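Each protein sequence line maps, in turn, to chains A and B. One rule links them: number in the working numbering = place in the first sequence (from 1) + 125. One rule links them: number in the working numbering = place in the second sequence (from 1) + 2.
None of these hints come from the bench; they were simulated from the model. All values reported here derive from a predicted model rather than from experimental measurement. There could be a bad hint or two in this list.
Listed next, with one range per pair, are the computed distances between beta-carbon atoms [claimed, not checked]:
#1 B:Thr8 with A:Ala213: 52 to 62 Å
#2 A:Leu227 with B:Ala15: 26 to 36 Å
#3 B:Leu53 with A:Trp250: 19 to 29 Å
#4 A:Met178 with B:Asp13: 46 to 56 Å
#5 B:Leu278 with A:Arg143: 34 to 44 Å
#6 B:Phe29 with A:Phe297: 25 to 35 Å
#7 A:Trp250 with B:Val36: 20 to 30 Å
#8 B:Phe29 with A:Leu370: 25 to 35 Å
#9 B:Ala15 with A:Pro335: 18 to 28 Å
#10 B:Val36 with A:Phe440: 47 to 57 Å
#11 B:Leu274 with A:Trp250: 15 to 25 Å
#12 A:Pro358 with B:Lys281: 27 to 37 Å
#13 B:Ser179 with A:Phe440: 26 to 36 Å
#14 A:Pro358 with B:Phe29: 27 to 37 Å
Glycine residues also receive a C-beta, built at the ideal position from the N, C-alpha and C atoms.
Given next are the chains, with one letter for each unit.
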Amino acid sequence: MDLQVQQNRTAAPHTNQRSRLKTIGRGLIRDRALYLIASPMLLYFLIFKYVPMWGVLIAFKNYTPFVGFMKSEWVGLEHFYRFFSNEAFILLLRNTLAINFLNLALFFPLPILLSLMLNEARREWIKRTIQSIIYLPHFLSWVVIAGITYLLLSTSDGIINKLLAAAGFAKFDFLTNESVFWLLLTFQSIWKEAGWGTVIFLAAITSVDPQQYEAARIDGAGRLRQMWHVTLPAIRNVIIILLILRVGHMMDVGFEQVYLMMNGAVSNVADVFDTYVYRSGIQQAQFSYSTAVGLFKSIVGVILVVITNRLAKKFGEDGVY
Amino acid sequence: MIRSTTDRLFDGAIIAALVLIGLLMLFPFYYVFVVSFTSPVEYLRKGLVLLPEQWTLTSYRYLLSNNVFIKATGVSAFLATAGTALSLLVTAGGAYALSRKRLQGRRTLLILILMTTLFNPGLIPPYLLVRELHLINSIWALILPVLTSGWYVILMKGFFESIPDELEEAAKIDGASDIGIFWRIILPLSLPSLAAFGLFYAVAYWNTFFFAVLYINKPDLRPLQIVLQQLLIDNSSSSSGEFANQLSGEIQIPTDTLKMAAIMISTGPILLVYPLLQKHFAKGVMVGSIKG
Numbered sequence: 126m127d128l129q130v131q132q133n134r135t136a137a138p139h140t141n142q143r144s145r146l147k148t149i150g151r152g153l154i155r156d157r158a159l160y161l162i163a164s165p166m167l168l169y170f171l172i173f174k175y176v177p178m179w180g181v182l183i184a185f186k187n188y189t190p191f192v193g194f195m196k197s198e199w200v201g202l203e204h205f206y207r208f209f210s211n212e213a214f215i216l217l218l219r220n221t222l223a224i225n226f227l228n229l230a231l232f233f234p235l236p237i238l239l240s241l242m243l244n245e246a247r248r249e250w251i252k253r254t255i256q257s258i259i260y261l262p263h264f265l266s267w268v269v270i271a272g273i274t275y276l277l278l279s280t281s282d283g284i285i286n287k288l289l290a291a292a293g294f295a296k297f298d299f300l301t302n303e304s305v306f307w308l309l310l311t312f313q314s315i316w317k318e319a320g321w322g323t324v325i326f327l328a329a330i331t332s333v334d335p336q337q338y339e340a341a342r343i344d345g346a347g348r349l350r351q352m353w354h355v356t357l358p359a360i361r362n363v364i365i366i367l368l369i370l371r372v373g374h375m376m377d378v379g380f381e382q383v384y385l386m387m388n389g390a391v392s393n394v395a396d397v398f399d400t401y402v403y404r405s406g407i408q409q410a411q412f413s414y415s416t417a418v419g420l421f422k423s424i425v426g427v428i429l430v431v432i433t434n435r436l437a438k439k440f441g442e443d444g445v446y
Numbered sequence: 003m004i005r006s007t008t009d010r011l012f013d014g015a016i017i018a019a020l021v022l023i024g025l026l027m028l029f030p031f032y033y034v035f036v037v038s039f040t041s042p043v044e045y046l047r048k049g050l051v052l053l054p055e056q057w058t059l060t061s062y063r064y065l066l067s068n069n070v071f072i073k074a075t076g077v078s079a080f081l082a083t084a085g086t087a088l089s090l091l092v093t094a095g096g097a098y099a100l101s102r103k104r105l106q107g108r109r110t111l112l113i114l115i116l117m118t119t120l121f122n123p124g125l126i127p128p129y130l131l132v133r134e135l136h137l138i139n140s141i142w143a144l145i146l147p148v149l150t151s152g153w154y155v156i157l158m159k160g161f162f163e164s165i166p167d168e169l170e171e172a173a174k175i176d177g178a179s180d181i182g183i184f185w186r187i188i189l190p191l192s193l194p195s196l197a198a199f200g201l202f203y204a205v206a207y208w209n210t211f212f213f214a215v216l217y218i219n220k221p222d223l224r225p226l227q228i229v230l231q232q233l234l235i236d237n238s239s240s241s242s243g244e245f246a247n248q249l250s251g252e253i254q255i256p257t258d259t260l261k262m263a264a265i266m267i268s269t270g271p272i273l274l275v276y277p278l279l280q281k282h283f284a285k286g287v288m289v290g291s292i293k294g
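Only chain A is shown next, with the shape it has when bound in the complex (with noise of 0.2 Å):
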């Protein structure tokens, strides 16, 4: 086939042109039984990813169910212009922002350091059975992962709680305490996710090369300078990956948590970007608005990947693309 693509190269541009399309179309027919098995696959990402991007479309018009898609009237960026004088758009980028930066400091750093004391665990079935432990969180719904918080927490019946009080301490209020609500949101995940996260590292980890520890051992290093001069180094790619995605994602936040940790008390530390466009689109029907909302967010997401990758790159690293 390579061969044919470059005889028609030298020829005549509208023959060119004639014969690549035949060999396109003969490649369609030898191959039609490949892309049988995968035309669910291809409907899904045209119907269910496509479709939508096409749908975003109604944060430039007003949308009215009745009239339609087509012919809702156009109105530019007067729904971004709405958004963005709206005094709830501060508190919502305060929240987003300050959940994923109480992330990014406290449970980013902790996969990494998990799987750096498995891989110098010596004894496997120490390591295995710790392994399983710390990823089981993370196959548990965050409603089963809420309730056990509040089982855990609350006031009247929670453990730590009675505990508190058995020690003669005043109760605490984790559930509806505005100061500690950001908190409990990080710990939440660190509990259901750190140990996942060490999936990845580790993964790296056993790419290394044994002869690295030998030769650093032999120029004398114990075992913590190995760890930072052979383990750390070899994982150091995935960390800014990792970091990447991360920051891509610092107008996300887990929506399921929120929603499911919010209460009246702490709607004001608690309300980010995705519970908002919960409530403004889903409830009360304004769809124009809050799929205007949901593009900032999406876009601001892209841009800071972008950016993020280059940096990446400018400092030597391979970045995510």
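Chain B: place on chain A using the hints.
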């Protein structure tokens, strides 16, 4: 090998720290487990139970005789089995076709799929689409919009690429068709990868919550997580708290032991499958992403 004292100290410290972390992460599970088997009377009397005097199944019995709970478990079980089977088939089919280098338009299709992982149209456009398709209050609203994912397709494609081409050629010479090769050779060879992704899909379907909040209003179609939320979290608000009240009202047991039993039942299937599949998932997922 001679081990220095600092080396041995280092080992000890690492092991101790890991064991401590493991215990801390395990404690919530332990507590939920223990209280779910405590008799309601004992729980009320002692207030703080770390080891019950008597193990009972009272809370489980009440939950498992409750219609709402059973029905919701059925819905989730259907999602987890039918949904997972469909998702695996769609993902594997697409990933296999894309893993064949001779496929025309392969690069374009891959780029189009990658784009969907980068840009997210948000909540409202997909919601309106599901509404337009008349899928509201249909179980398919919980399956079709999440049938596959760009990430999984790309990871699985990496896995299929690691299967040597000669296998396909040999089968072709023996007269096998593309579909025959996929079904009888490639899929059986990919069982570890299918097991891993199957687990991920099954867990995701079993844990379906938010999409059910969006798309399901019919009580009969409520999946387990919705009923759990009403039982575990929402019992302060009047409307959905009625389920918890209705349960504890008629049966006189503290909702706490009930709640813990509900958590145990809802995580039970995951706890059962997890050890069987655990050895596969790191391998099944990593082949494509890191080394591929």
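Here's how the hints hold up against the structure:
1. Look at Thr8 (chain B) against Ala213 (chain A): about 56 Å separates their beta carbons, and that is inside 52 to 62 Å.
2. Take Leu227 (chain A) and Ala15 (chain B): their Cβ atoms lie about 28 Å apart, and the range 26 to 36 Å holds.
3. Range check, Leu53 (chain B) to Trp250 (chain A): about 26 Å between beta-carbon atoms, so the 19 to 29 Å window is met.
4. Evaluation of the 46 to 56 Å hint for Met178 (chain A) and Asp13 (chain B) yields a pass: the beta carbon distance comes to about 53 Å.
5. Our hint of 34 to 44 Å for Leu278 (chain B) and Arg143 (chain A) is violated, since their Cβ atoms are close to 56 Å apart.
6. The given range of 25 to 35 Å is broken by Phe29 (chain B) and Phe297 (chain A), whose C-beta atoms sit roughly 18 Å from each other.
7. At about 25 Å, the CB distance of Trp250 (chain A) to Val36 (chain B) agrees with the hint of 20 to 30 Å.
8. Roughly 31 Å separates the CB atoms of Phe29 (chain B) and Leu370 (chain A), a value that falls within the hinted 25 to 35 Å.
9. The supplied range of 18 to 28 Å is met by Ala15 (chain B) and Pro335 (chain A), whose beta-carbon atoms lie about 23 Å from each other.
10. A C-beta distance of roughly 51 Å is found between Val36 (chain B) and Phe440 (chain A), which places it inside the suggested range of 47 to 57 Å.
11. Checking the proposed 15 to 25 Å range against Leu274 (chain B) and Trp250 (chain A) shows it holds: the Cβ atoms sit about 22 Å from each other.
12. As the Cβ distance of Pro358 (chain A) to Lys281 (chain B) is approximately 29 Å, the hint placing it in 27 to 37 Å holds.
13. For Ser179 (chain B) and Phe440 (chain A), the Cβ-Cβ distance of about 50 Å falls outside the hinted range of 26 to 36 Å, so the restraint is violated.
14. Checked against the hint of 27 to 37 Å, the pair Pro358 (chain A) and Phe29 (chain B) passes, with Cβ atoms roughly 35 Å apart.
Consistency with the previously given hints fails for numbers 5, 6, 13, ordered from lowest to highest.
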